[in-house]
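Engineer: Take a look at the letters that make up each chain.
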Amino acid sequence: GAGVSQTPSNKVTEKGKYVELRCDPISGHTALYWYRQSLGQGPEFLIYFQGTGAADDSGLPNDRFFAVRPEGSVSTLKIQRTERGDSAVYLCASSLTESGGEQFFGPGTRLTVL
Amino acid sequence: GQQLNQSPQSMFIQEGEDVSMNCTSSSIFNTWLWYKQDPGEGPVLLIALYKAGELTSNGRLTAQFGITRKDSFLNISASIPSDVGIYFCAGRSNYQLIWGAGTKLIIKP
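Protein chains in written order, with this note's numbering: chain A, 1 to 114; chain B, 1001 to 1109.
It is possible that part of the hints are untrue.
[Unchecked claim] Over the 10 angstroms line for every Cβ pair with chain A, so calculated as not near, a few chain B residues: (1) L1004; (2) F1012; (3) P1109.
[What the hints assert, rightly or not] Just the calculated beta-carbon pair ranges, DEER-fashion: (4) R84(A) / I1013(B): 33 to 39 angstroms; (5) T52(A) / G1059(B): 36 to 42 angstroms; (6) P1109(B) / G53(A): 38 to 44 angstroms.
Rather than coming from a laboratory, the hints here were simulated on the basis of the structure. Glycine included, every Cβ here is placed at the ideal spot set by N, Cα and C.
The shape of chain A in the complex, shown without the other chains (with noise of 0.2 angstroms):
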């Protein structure tokens, strides 16, 4: 397709439990990017990959959160032992290159621990 496009649209998981959240970018963007939105909030960014390399992670809240982007395209953010106030919308954005056009988004997956 033309945008980005996130998958699952939803996820409902019990605490404790194990999410991995895609993440499929424009076709030819370099760059990639998660952030978390919080009801009534903009989003919070958690990462930002250059490339399969991750250039900045320092958004991630703590070491249960893990993103990969092994070929340069398609992303995966990973949640380990999932607590209920992972629960929110996870926003994946690309851009042609990290300084050179803006950020567009995807729907997000809107995940929720019971």
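Starting from the known structure of chain A, fit chain B onto it as the hints suggest.
Structural biologist: Same frame as chain A, but now just chain B:
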């Protein structure tokens, strides 16, 4: 995390009215962005501002990059029902976007 100060938090207006919202920051940004987010969707870019003092329009939307580089406003003229949603400002420094908490626009029937 750090957020911009965006106001108002919400607006109830009549169809056809003009709308104004703004964002301020204690930090300087090189780029100011305005996004709109509909329920269940990701933010969609409306206007990007790259130069202090810049005034840019996109249809009925007009936005300005403050001369101090610490603020921006967005105006919507002659609002229509499809304008409802949440509007976010964001300041960009290199690749990082710092966001406001959003302005929820509600149009009274």
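Engineer: Each of the hints needs a verdict: does it hold here or not?
Structural biologist: Verification of the supplied hints:
no.	hint	verdict
1	L1004	8 angstroms, violated
2	F1012	17 angstroms, holds
3	P1109	24 angstroms, holds
4	R84(A) / I1013(B): 33 to 39 angstroms	37 angstroms, holds
5	T52(A) / G1059(B): 36 to 42 angstroms	39 angstroms, holds
6	P1109(B) / G53(A): 38 to 44 angstroms	51 angstroms, violated
Violated hints, in rising order: 1, 6; the structure is consistent with all others.
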